[in-house]
Amino acid sequence: MTSTIAEISINRPLFQSFDYLAPSDVQVGQRVVIPYGRGNQTLVGVITGLVDESKFSRLKHVQQVLDPEPVFSTQQLALARWIANYYQQALGEVLFAMLPNRLRQDNSSEPNQSTYLKLCQHENVPGSKQKRLLDLLAESDGQQLSMSEVRLNGFTTQTINSLIKRACIERLKLDDEPSVWHGEQQEKLTPSREQATVLNDIKLEQPGCHLLYGVTGSGKTEVYLQLIERCLAAGKQALVLIPEIGLTPQTVRRFQQRFARPIAVLHSGLSDSERLNQWLFVKHNKVDIVLGTRSAVFAPLANLGLVIVDEEHDTSYKQQDGIRYQARDVAIKRAFDDGIPVLLGSATPSLESLNNAWSGKFHWHQLTERTGRAQIPNIEMVDMRHAQLTAGLAERTLKRMQQHLADGNQVMVFLNRRGWAPSVMCQSCGWLADCPNCDARLVLHQHSSQLKCHHCGWQHPKPQHCPSCQSPELVGLGLGTEKQTDILEQQFANTPIIRIDRDTANQPGGIAKLLADVPEKGPALIVGTQMLAKGHHIPNITLVVVTDGDAGFWGVDYRASERMAQLLTQVAGRSGRGERHGEVLVQSRYPEHPFFSQLINFGYLGSARHWLNERQQALLPPYHSHAIIRCDAPHDWQAAQVLRQLVAQLTEAQVNIRVLGPVPATMAKRAKLYRQLLHFHAESRSELNRWLRYCRTLLQNMDTKQASWRIDVDPIDVG
DNA sequence: AGCACGCCGACT
DNA sequence: GTCGGCGTGCTC
Ligand SMILES: [Zn+2]
Ligand SMILES: [Zn+2]
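Heads up, my numbering is the position in the first sequence plus 6, with the first residue counted as 1.
Hints were generated in silico from the structure; no laboratory data involved. What you are looking at is a predicted structure, and each value in this text was computed from that prediction instead of being measured. Check before you lean on any hint, since a few could be wrong.
Within a straight-line C-alpha distance of at most 27 Å, the following computed DSS-like cross-link-like pairs (lysine-lysine) qualify [said to hold, decoys possible]:
1) Lys124 with Lys179
2) Lys711 with Lys675
3) Lys124 with Lys137
4) Lys242 with Lys209
Taking the hints into account, I'd like the entire structure generated from these sequences.
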């Protein structure tokens, strides 16, 4: 048998491929099993190239070719190469991150099959059961049904076997097919004047990036749906990315109801086998619409015609651990490669996308009218400085809440701190409960009577006495959602209160059960964290209260304003019911701070313009590119030493981009590791890339001992 | 990364 | 004598 030499990438952080002898008919993009290393352990690899010769003399043989057809197309391989280069990751690791978990091991990529029963002869048969089965099959699509459906209808193997003997029915193996929504279909809505303009301005035949600025409730989804419809009508496929928290059953339902065809859904809640199933449906061309979160950007659609990224500013598009990439940017690159349009939608676009739109790189579209709802409410500041606080809320705030509840409306109280109190102190000696593994205070969770670290997961039962002076006077300092809810329960004794945060959402039933607890009509208080701000429309809210408008402004993070404004704008979008104008109260100790007045007077876009100016002055993204090399080690000097050594080598090589540091991370110690950062700022993206690649080779050749390092390109957490 | 190999100390 | 600790170096 003739053979060829295959370059194979494996799921290890090695920036090289390995040459193996393979059967001459293998193709690039197929997975193979190889004997690897001195112990010849069997590993799955991906063929990334075929060559005639290798500089290695004793090549091993590929053990098994796993895929009859490549699991990666040439375009996907090219995309993987781009990601590996841009984010400084090993190609093999990128490729494996693009595959569903099951295909990272030696599982088959062929379509799943099930046994079906097909009607051959509909003749008179003795038993009534047999007769009923024939009737059932006769009525079914294609006169056939899957075995599981037949079983579900109560037919036994015996009935089936007798019918097969009579040659009335036959068994066949058929590919599994994705299910189609059989419930009520939803007709497409007549677009508003604004929607029609947007729909008219986006031409699917023309490649390019479109930024759709649409305030909450302005009908962005309807625009998506009608564009997808056009895309499908042109015989192409559509990919829709949605943030983790927004991809709810209701969202999926909305798409299913509009399109009488199967839709693949790829979200993080799927089991490995469900995820593989969905992925195989996409791979084998059985769906034309893919709905998914971050990693769905890699869905193997072969005939893509449109990519949509909903809530494009959402930080969950950035993968933070393992393989790092920004799915929104990968989506843009993928669309560019395919020569197709990509639509980014948001009520609070990222400064990156706004800059691209305002500089003419993206096409700008907007939806400013809320369909069937009152205008976005104004934000009203509440000065906390001299206020008497109950549950963290000023008298004025409580009064307003009282009014709204008395009118039978619902009120949302937002506090981005879960637990009872963010720290615990001894009143007689001043001892503070610190995490033994992190530079962080332990958070008191009163209901479970535990002290927990929100950074490393460490927890311990709440002590009865101060470990330092034995005094029993241990008190919680500050306010979390748990405590706020408890106090509000006393204040508003007859009002149902629902708390929505990670602690309550992790209980059985999850967030869906909590939302179901919100009464359909009548007053209710909904208390919660970040989780409340995104997704999950609660219809009867007329007042939103932000307990601490100053939280999150203490750091060095230049994205803090942008993120806070996005949060406040999103939260404000929750308020308002039908034509009833909603209200938003933001409590602050600095109510006159320009951040608030700007947001109130000039809105998100006006503020964004201002921040973009500041970023330009400060040579920060999106004008300059930013990357961070992070280094962790068990002793505080190790990480800094590695980075100092790196800086020395860079200086020697006459580095011509800005290098800052090493500096300790905002939380210098986390999970028993000391963390140091090295910042890189460059006007030119390619220069940054070049120097990062150089850093990577330096670090790979450096004896970093116990220190581990990673490169974060376009970081969102800067501290 | 993950594994084999190897060179040392502390156990039967 | 050997079991296992981690430090070193390689993987086609
Ligand atoms: Zn004490
Ligand atoms: Zn901790």
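Now the hints, each set against the structure:
1. Lys124 with Lys179: holds, 10 Å
2. Lys711 with Lys675: It holds: about 18 Å lies between the C-alpha atoms, which stays within 27 Å.
3. Lys124 with Lys137: holds, 14 Å
4. Lys242 with Lys209: Answer holds: Lys242 to Lys209 is near 14 Å, not above 27 Å.
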